[in-house]
Amino acid sequence: MTALLSVRNLSVTFGAVAAVHDVSFDIPAGACVAIVGESGSGKSVTARTILGLAGRDATVSGSINLDGPDLDGPDLDGTEVTDASPRRLRALRGRDIGFVSQGALVALDPLRTVGREIADSLRIHTNLSPHQRQQRVIELLESVGMPEPTLRAGQRPDELSGGLRQRAVIASAIALNPRLLIADEPTTALDSTITAGILDLLAGLRERGTAILLISHDLAVVSRLASHVVVMRAGVVVESGSTQQVLREPQHPYTRDLIAAVPGGHAHVGSPAGDPVVTAVGVTKRFGSRVAVDDVSYELRRGRTLGVVGESGSGKTTLARLTLALERPDAGAIELFGQPWTASPERDRTARRPRIGAIYQDALSSFDPRLTVRQILADALGSAATVGGRATEAELVTLVERVGLKATVLARHPRVLSGGQQQRVAIARAIAPRPDIIVCDEPVSNLDVSVQAQVLALLDGLQREFGLSYLFITHDLGVVRQVSDELLVMKDGVVVERGATEAVFAAPQHPYTRALLAAVPDLWA
Amino acid sequence: MKRLSTVAPSVVVSLAILLFIGIAAVAPNLLAPGNPLAIHPMASFLPPSLGHPFGTDESGRDVYTRIIHGAGASVLIGITATAIGLGLAIVFGLLAGLGPRWLDFGTTRLLEVLFAFPGLLFALLFIVIYGPGVLTSTIAVGLATAPGYSRIIRSRVLVVKRAPYIEASLVLGRSRFFRVTRHLVPNVAGSLFVLATLGIGQSIVWASSLSYLGLGAVPPAAEWGAMLSAGRTYISSFWWLTFFPGLFIVLTAAATTLLGRGLQERVRS
Chain A
51 MTALLSVRNL SVTFGAVAAV HDVSFDIPAG ACVAIVGESG SGKSVTARTI
101 LGLAGRDATV SGSINLDGPD LDGPDLDGTE VTDASPRRLR ALRGRDIGFV
151 SQGALVALDP LRTVGREIAD SLRIHTNLSP HQRQQRVIEL LESVGMPEPT
201 LRAGQRPDEL SGGLRQRAVI ASAIALNPRL LIADEPTTAL DSTITAGILD
251 LLAGLRERGT AILLISHDLA VVSRLASHVV VMRAGVVVES GSTQQVLREP
301 QHPYTRDLIA AVPGGHAHVG SPAGDPVVTA VGVTKRFGSR VAVDDVSYEL
351 RRGRTLGVVG ESGSGKTTLA RLTLALERPD AGAIELFGQP WTASPERDRT
401 ARRPRIGAIY QDALSSFDPR LTVRQILADA LGSAATVGGR ATEAELVTLV
451 ERVGLKATVL ARHPRVLSGG QQQRVAIARA IAPRPDIIVC DEPVSNLDVS
501 VQAQVLALLD GLQREFGLSY LFITHDLGVV RQVSDELLVM KDGVVVERGA
551 TEAVFAAPQH PYTRALLAAV PDLWA
Chain B
878 MKRLSTVAPS VVVSLAILLF IGIAAVAPNL LAPGNPLAIH PMASFLPPSL
928 GHPFGTDESG RDVYTRIIHG AGASVLIGIT ATAIGLGLAI VFGLLAGLGP
978 RWLDFGTTRL LEVLFAFPGL LFALLFIVIY GPGVLTSTIA VGLATAPGYS
1028 RIIRSRVLVV KRAPYIEASL VLGRSRFFRV TRHLVPNVAG SLFVLATLGI
1078 GQSIVWASSL SYLGLGAVPP AAEWGAMLSA GRTYISSFWW LTFFPGLFIV
1128 LTAAATTLLG RGLQERVRS
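If you're matching them up, the sequences are chains A and B in order. Note that my numbering numbers the first sequence so that position 464 is 514, with each residue one more than the last. Note that my numbering numbers the second sequence so that position 124 is 1001, with each residue one more than the last.
No lab work stands behind these hints: they were computed from the structure. Relax, there's no trap hidden among the hints.
Which residues of chain B face chain A? A few of them, derived with a C-beta cut under 8 Å, are:
1) VAL1048
2) LEU1049
3) GLY1050
4) HIS1060
5) PRO1063
6) ASN1064
Pulled from the structure, derived: some chain A residues nowhere near chain B, Cβ distances all over 10 Å:
7) VAL67
8) VAL110
9) GLN184
10) SER211
Pair by pair, the computed Cβ-Cβ distance ranges are:
11) GLY511/A x PHE1054/B: 28 to 38 Å
12) PRO395/A x LEU896/B: 52 to 62 Å
13) SER415/A x ALA993/B: 36 to 46 Å
14) ALA401/A x GLY983/B: 28 to 38 Å
15) GLU1142/B x ASP325/A: 55 to 65 Å
16) ARG336/A x GLY976/B: 21 to 31 Å
17) HIS463/A x PHE982/B: 33 to 43 Å
18) PHE1054/B x ALA565/A: 47 to 57 Å
19) HIS463/A x GLY937/B: 56 to 66 Å
20) LEU1090/B x SER415/A: 48 to 58 Å
Keep in mind the model is a prediction, meaning the values are calculated, not measured. No residue lacks a Cβ here, since even glycine has one placed at the ideal position from N, Cα and C.
My request is simple: use the sequences and hints to build the entire structure.
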């Protein structure tokens, strides 16, 4: 069987930097090959190079050969992408190669309706009449599982949810029945139930004969869809083979680390529960007519982690903000160590704020862009000391070393650090005032899986060392299983299920929890 | 060395021009040792030559010497006017951006009323009330530019005060005073610096316009606008009386603007 796409000895360099080195793989029609790797591994560059979009600064060597049987368009007949003219490449993209990019949120023109966006490629590559095009757009939207396709085709991207937008992007990518579909992190920004739907959709395309190149950092997603896996690290293929073989019996240590780092493989072993530190009773928050958090109560005890899971819009971030007293509840109240917290005026809260810290999903934007790591941490240490207290250099060094950073980062600006280092600085800032509680809002969602594991291990170590309590907000069930003692499952502002984490995972009671758990692409199944 | 190589040529040229004008403003005798007010009736209306690079005026005063010695007055007016404008704008912008909603509403409406007047007309109105002169024209220009700056500062304050890092500072238990002085003001000030550089050129042009109309500095003072005004009588026969003061006004304004744009690019990247 000849491969539809065959990549041989592909190398891409930008100036002196080799982004991709000597990569080879084949994709037969109706198969899915996944390239797995972390940020900077060269997986996206590989995908863009196959599309002929490596960019002007790139030097490409090796061969990318497209060869397919003559189905309904002109024969691909051994097209060499690396030698093709820009004109030929434009014809290939869209018609023979479809591309689903990472940012479904930005891939669509905000000013045009979804239908027009999809009709575009039909207009350029086919001679269908406007009416036929309209017809085809509806068919396409139907085929990607878009509810009410006629209505949706007339809507603009901002009227659609993230999952529906990603479906629209896929619809436009498959509009011309491409023989190869390149999907670069197609589910990264999506909730787990939506991810499951998108994966089913891609699997359906594969069954119908489309070859799929899947780019992902998520091994669980890969295990659901791909028959072959190529593991890349720093531009080099470290391991490749059938998905079964690579994930069950990884040969290369890096692959083994990647698999071990996937959260959810083992349960959390918590410390014994202490006194309650945060008590929320009947907390409700409305924004206009929308109820973001509806009559939520919880108790967080010393040394424990309370996980809050739910999909976007479930109210979990609002609950975090209420706990930090950044929002005032419309009903109910939160107490800190048995003292009024949300009910007291900010004046009385300020002095107690150092006891409850926070880390955020986007660590970088939580740092003043003008300040260096030293200034940021000195500020945080200063706020813990009595008025006028100043942090000594020794304190600063101890602090950064405690979160696993070298003292040299002190002089840097956070923006030049990696995502994992930025989150470590944020953690250092959060623990500097010696808090009792840290509210963690999706702290590892932006991080690569191995960095994620390191940060989670750091948080675990700090919890044991300082007896910290965490309110841990996440959409990732694997993460929450690994870190939390108790669990709240939220949907539309309401807690639909609560209990000890293992009990909830073992026997979910509420249908929504069951749907969430079933939707998780499980590497450990 | 890498930083130097990324500086745009326009910025280098602007810096060179501003350095020259800066020296002229601080130590005019270094560049033109003569007396700007010394008259030589026998040497009037001499065209540019080696001895008088920019020629002489109706009283035989050396135009080059007058321009160099006038730099101080023109630049001082420009800087002072910008400082007045920005100073008022900081007060208004911070009040509107940080104050209670009614204060923001009031300040914003007031600024909108001021915006209804073209800037120069507003300056003229002020001079009509308080009489012409260097000081009043400087204040007038400052007042006329304040509404524009205020609006920019207010919108910056509104963006910065909602920034996640301000909230992070609140979570750490920092007082409002600390958050404003440590995070908000410095982050707003970054854009102010760019605005000021862009504004000085504009202020010099406006102040010169007022002098040209006889409402600012008056002849025989060696202020560029005033020189332009004095020379306009002879514009058809003795071009150098208006050309060179005009050239310096344009050069200064262009150089500060280019420098401001360069800084803006840098801030953005």
